[in-house]
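Trainee: Residue numbers (the numbering used here), protein chains in the order written: chain A, 14 to 441; chain B, 821 to 978.
Hints were generated in silico from the structure; no laboratory data involved.
If you're wondering where the values come from, they're calculated on a predicted model, not measured in any experiment.
Just so it is clear, CB atoms sit at the ideal spot from N, CA and C, and this is done for glycine as well.
Each hint should be verified, as a subset may be incorrect.
As the list claims (entries may be wrong) - Covered stretches of chain A, going by a simulated chain B footprint (3 or more residues, C-beta under 8 Å):
hint: 1; region: 102-109
hint: 2; region: 139-152
hint: 3; region: 187-193
hint: 4; region: 203-209
hint: 5; region: 259-266
hint: 6; region: 343-355
Unchecked claim - Taking lysine-lysine pairs in the PhoX-like style, the calculated list, with each CA pair at most 20 Å apart, reads:
hint: 7; chain 1: A; residue 1: K424; chain 2: A; residue 2: K317
hint: 8; chain 1: A; residue 1: K19; chain 2: A; residue 2: K53
hint: 9; chain 1: A; residue 1: K352; chain 2: A; residue 2: K249
hint: 10; chain 1: B; residue 1: K942; chain 2: A; residue 2: K352
hint: 11; chain 1: A; residue 1: K67; chain 2: A; residue 2: K249
hint: 12; chain 1: A; residue 1: K159; chain 2: B; residue 2: K832
hint: 13; chain 1: A; residue 1: K352; chain 2: B; residue 2: K919
hint: 14; chain 1: A; residue 1: K435; chain 2: A; residue 2: K381
hint: 15; chain 1: A; residue 1: K398; chain 2: A; residue 2: K424
hint: 16; chain 1: A; residue 1: K156; chain 2: B; residue 2: K833
hint: 17; chain 1: B; residue 1: K832; chain 2: A; residue 2: K156
hint: 18; chain 1: A; residue 1: K389; chain 2: A; residue 2: K435
hint: 19; chain 1: A; residue 1: K61; chain 2: A; residue 2: K19
hint: 20; chain 1: A; residue 1: K67; chain 2: A; residue 2: K163
hint: 21; chain 1: A; residue 1: K381; chain 2: B; residue 2: K942
hint: 22; chain 1: A; residue 1: K209; chain 2: B; residue 2: K880
hint: 23; chain 1: A; residue 1: K63; chain 2: A; residue 2: K53
hint: 24; chain 1: B; residue 1: K919; chain 2: B; residue 2: K937
hint: 25; chain 1: A; residue 1: K159; chain 2: A; residue 2: K52
hint: 26; chain 1: A; residue 1: K398; chain 2: A; residue 2: K378
hint: 27; chain 1: A; residue 1: K159; chain 2: B; residue 2: K833
hint: 28; chain 1: B; residue 1: K973; chain 2: B; residue 2: K919
hint: 29; chain 1: A; residue 1: K381; chain 2: B; residue 2: K919
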Amino acid sequence: MSIANKADYQNFTLLSYHHIPSVHHLEIFEEAGGYEMMKKCFTLDPEKIKEEVKNSGLRGRGGAGFPTGVKWGFFSKDRNQRKYLLCNADESEPGTFKDRYLLEINPHILVEGMIISAFALGTQRGYIYIRGEFYEQAMILEKAVKDAYKRGYLGKNILGSGFDFELVVHRGAGAYICGEETGLISSLEGQKGRPKLKPPFPAIKGYRGLPTIVNNVETLAAVPWIMRCGAAAYKKWGTEKSPGTKLFSISGDVNRPGVFELPLGIPLIEVIEKHCEGVREGNKLKAVIPGGSSAPIFTAEIAKEVRMDYEDIAQKGSMLGSGAIIVLDETRSIPDILKWTLEFYHHESCGQCTPCREGTGWMEKIFKRAEQGEGKLSDIELLDKVAFNMRGRTICALSDAAAMPTQGIIKAFRGELESYIKIQMKNR
Amino acid sequence: MKKFEFNTANKKKYQELLTHYDDIQSALMPVLHLAQEQHSWLSPEVVAHISELMGIPEIKINEVISFYDMFYDHPTARNVVQVCTNITCSMFGGREIHKGILDHFQLHNMRPSQDGKLYIQKMECLGACEMAPCMRINNIYEGHLTLKTAVQKLEVLP
Numbered sequence: 014m015s016i017a018n019k020a021d022y023q024n025f026t027l028l029s030y031h032h033i034p035s036v037h038h039l040e041i042f043e044e045a046g047g048y049e050m051m052k053k054c055f056t057l058d059p060e061k062i063k064e065e066v067k068n069s070g071l072r073g074r075g076g077a078g079f080p081t082g083v084k085w086g087f088f089s090k091d092r093n094q095r096k097y098l099l100c101n102a103d104e105s106e107p108g109t110f111k112d113r114y115l116l117e118i119n120p121h122i123l124v125e126g127m128i129i130s131a132f133a134l135g136t137q138r139g140y141i142y143i144r145g146e147f148y149e150q151a152m153i154l155e156k157a158v159k160d161a162y163k164r165g166y167l168g169k170n171i172l173g174s175g176f177d178f179e180l181v182v183h184r185g186a187g188a189y190i191c192g193e194e195t196g197l198i199s200s201l202e203g204q205k206g207r208p209k210l211k212p213p214f215p216a217i218k219g220y221r222g223l224p225t226i227v228n229n230v231e232t233l234a235a236v237p238w239i240m241r242c243g244a245a246a247y248k249k250w251g252t253e254k255s256p257g258t259k260l261f262s263i264s265g266d267v268n269r270p271g272v273f274e275l276p277l278g279i280p281l282i283e284v285i286e287k288h289c290e291g292v293r294e295g296n297k298l299k300a301v302i303p304g305g306s307s308a309p310i311f312t313a314e315i316a317k318e319v320r321m322d323y324e325d326i327a328q329k330g331s332m333l334g335s336g337a338i339i340v341l342d343e344t345r346s347i348p349d350i351l352k353w354t355l356e357f358y359h360h361e362s363c364g365q366c367t368p369c370r371e372g373t374g375w376m377e378k379i380f381k382r383a384e385q386g387e388g389k390l391s392d393i394e395l396l397d398k399v400a401f402n403m404r405g406r407t408i409c410a411l412s413d414a415a416a417m418p419t420q421g422i423i424k425a426f427r428g429e430l431e432s433y434i435k436i437q438m439k440n441r
Numbered sequence: 821m822k823k824f825e826f827n828t829a830n831k832k833k834y835q836e837l838l839t840h841y842d843d844i845q846s847a848l849m850p851v852l853h854l855a856q857e858q859h860s861w862l863s864p865e866v867v868a869h870i871s872e873l874m875g876i877p878e879i880k881i882n883e884v885i886s887f888y889d890m891f892y893d894h895p896t897a898r899n900v901v902q903v904c905t906n907i908t909c910s911m912f913g914g915r916e917i918h919k920g921i922l923d924h925f926q927l928h929n930m931r932p933s934q935d936g937k938l939y940i941q942k943m944e945c946l947g948a949c950e951m952a953p954c955m956r957i958n959n960i961y962e963g964h965l966t967l968k969t970a971v972q973k974l975e976v977l978p
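Only chain B is shown next, with the shape it has when bound in the complex (with noise of 0.2 Å):
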């Protein structure tokens, strides 16, 4: 088991979220966070750190990320790609998009492609029905798509 630690930038980071809290369990979601930067997806070796580091036993910090769909207790990919596939997305062809995009990158849902390049994630109401159908790109918004528009914009990425 490869150990996980905090790098120096995030050392400090981690002490300065600290300071957010008046209790210690409170920084646990922006710790998460933060190692989920680091490390892409919150591993065995990263709960085993995170629990030494903030005294909070592993299972609290598992149940915690079994919770969201944000965090993941598994490996994810260079580009974690979040579709839309509530009403209004829906209603515009946002299912569509999400089944079009697995099957033209032969991917499934929530597994990362082979030479980890692309994670899919079907997701609820992402906030953006003004832009539907739309979809997150490692945290950016992209909306008003088609099938085709959306694969174009996976295909170009690193």
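Next comes chain A alone, as it looks inside the complex (with noise of 0.2 Å):
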């Protein structure tokens, strides 16, 4: 067999088996390398597991960066008990695209990667909740576990370990607020994909009120490759807090958008500059979102200094979110950009929190009226004001996701905003 058909574990943790042509075959990914992790693993103290991914430091991925060996540490370790592990692959924070990149071309990563956390965290059954727009996927993912049954990795007794686990992939039907985990849970259930209060949370009392781990796509792929190399490995990369590569998912202004796995704390300014050639056109950079639509905005000026990880991004007033990078030139107009946002969340608010379904109605409103002309200086106050009472004050962060750009954008950018606001009134 050729080098190229080889796993690269030495450059990547997610993407080690992407440049393998059709590795979403299950005989391809496994010469490769694939499932050879998941079948070590039954040989070990499903303990042992655990401690190594706390060990590696390992965040979710998903937008919260909550220690996943912390939140694996509060699940019940009675083997016998009904519980459950839920992939979230809702993937629908605008701006990101980098668990269908990391699907669509290795669906194996991710079952390898559930295997061995559902045998960890002793859990019987397991779903992946893809968004419902991601159906290519979807039959990609199905076809994939369906292989993975049929080689004895899925179903009763595994490989003879006497370990049961039923992977089950199941669709959504276009619901952003999906991708909370609460909200995820619900929406599993039958139900609206309205958000529950916590405490308690899904790792005691989850889908169907049972325990239930809720983890990213990319957090689970991560798992074999720590298994494989070690945590002590997986931190030679990121920073001691980020530890790990990330899937960055940029687009916008730049010569190549893409999806790219990056040490965590690499500088913003190198991930637009070396992978992806630069900001389109010779052009100015003028602002960039760091984390998805929810993260406050950068100017060129910080942009050009923040490094990619969670501290360091936070530490500049914004966060790493999922690692979408929307990158905006200087032809860009920043009130468009605040338009857009606010539309969105008005439109996928689940209307449960008063703050928010009203809150995000507002903001659009007085966003709107000024783009009629008819709005004054102070809407701008307003906006402010409104977005500073959305926050910390519902069930989900779907509130604060609103109101952080929009506050973001008005620090940023108040300047703009102002001339915008003057001539829009002048050309009523």
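Put the two chains together into one complex; each comes in its own frame, and the hints tell you how they fit.
Mentor: Below is the structure:
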């Protein structure tokens, strides 16, 4: 077998198989090294697997960045109790497309990661909740799951280990809020995807009221590599508090948009200049949204200084989120970005908490009034005030996710908003 | 009111779906997807049938249908087209494409064409920003669009 068909564990943790043609076929994945770790893990004490994941410092890659090992630590150790492992593949944060890219080329890395994680956690059943729009990807996953069953990697008494694990691909139907873990649980229960009050956290009381772990695609897909190469090797990448590599989805005004696996802590400007081959048409950088639409925007000045890890981005006033970077060049209008963001969150609010249901609508109305030339400069303060009152007052983070980018734009681009309101008034 | 029921193949699929879940309500979304694949939209007759079949009150089913953008409580068309209008796609003309398509085919958003061929839906981020602007035609992604190429792709549909 040629070296080109071997996995590259040296340079990648998540995309280590992505260069291999047709790696979505089980045999090809397996020939390259896939499912080796699953087999090995069945010989280990489940607690050892949890320990290794905890020691790696892996943090939840869906957006919140909560340490995976700590989340797993809250979970019941009773292997006979009915418990669930849910994979969050609802990827819907605007700007994010990394999970899609990971899955559509290599579905088996997730299946292997889920089997190992399920064995460590002692869950008997797992679901991959994939957003409804990803129909083709759901079909690719279903085929992978079916093939894994045929091979005896899923089902009863897997490879004679005595461990049973059923895995099902479950399609969503178009709702951003189902990416929130308790919204996802409600949706899986066959309800509206409305988030639930925490505590109790899903690890204690989740799907159907039973203990449930919800992890992002990228989080679970990192597990086989961590088991292969070890927590210490994983920590060689990234920073002390943000170890490992991360998938970044980069779109907007760059020459080469796409998904890149890079060590956490990489300077944002290096991502743009080196990996994305710079800003398109030689234009000047104006701003960057560093972590999906809910992350406050950075001006070019800050974008040139920031490092892509949880801590440095937070310290500069934004968040890493799902690692979705949207690059804006000098030709872009910031009020446009604000309008599209506000429309989105208004549309996606599930409506159960007043500050979010009303606040997202008010903010959109205030902006659209200004767009019609009927605004006044004090509307900026009004927007800021509404946004402030939406923060930290609701069941889930959608309200904050709408408020934060609004306040971020006001802070970073107030001058441009003021000119916009004035111009719209004049042109009325 | 014309009665709806699953065809033979889907009856089998329905039974199989139930085995994937520990309670019947959890199977509701996959069952709705299945019904919509067969009937193209979730009419009152479809809802009545599923309610009877699964023992879930119609109001609970209608609640779910109304919550999700991809479940339709009104007729769609042979081709369902979803145009992304979120940040990156809008930066590259996604909104103009959405409006341009509606104008070209003289349609309204989320109303089927009279010949039953096209149904256009403005969508939030489709998760394919690297190919902005993009749209989905019957579950298939099409990226790097212009209004011209978008119209061409729709014109050749059956």
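Trainee: Which earlier hints can't be squared with this structure?
Mentor: Violated hints: 9, 19 and 20; rest satisfied.
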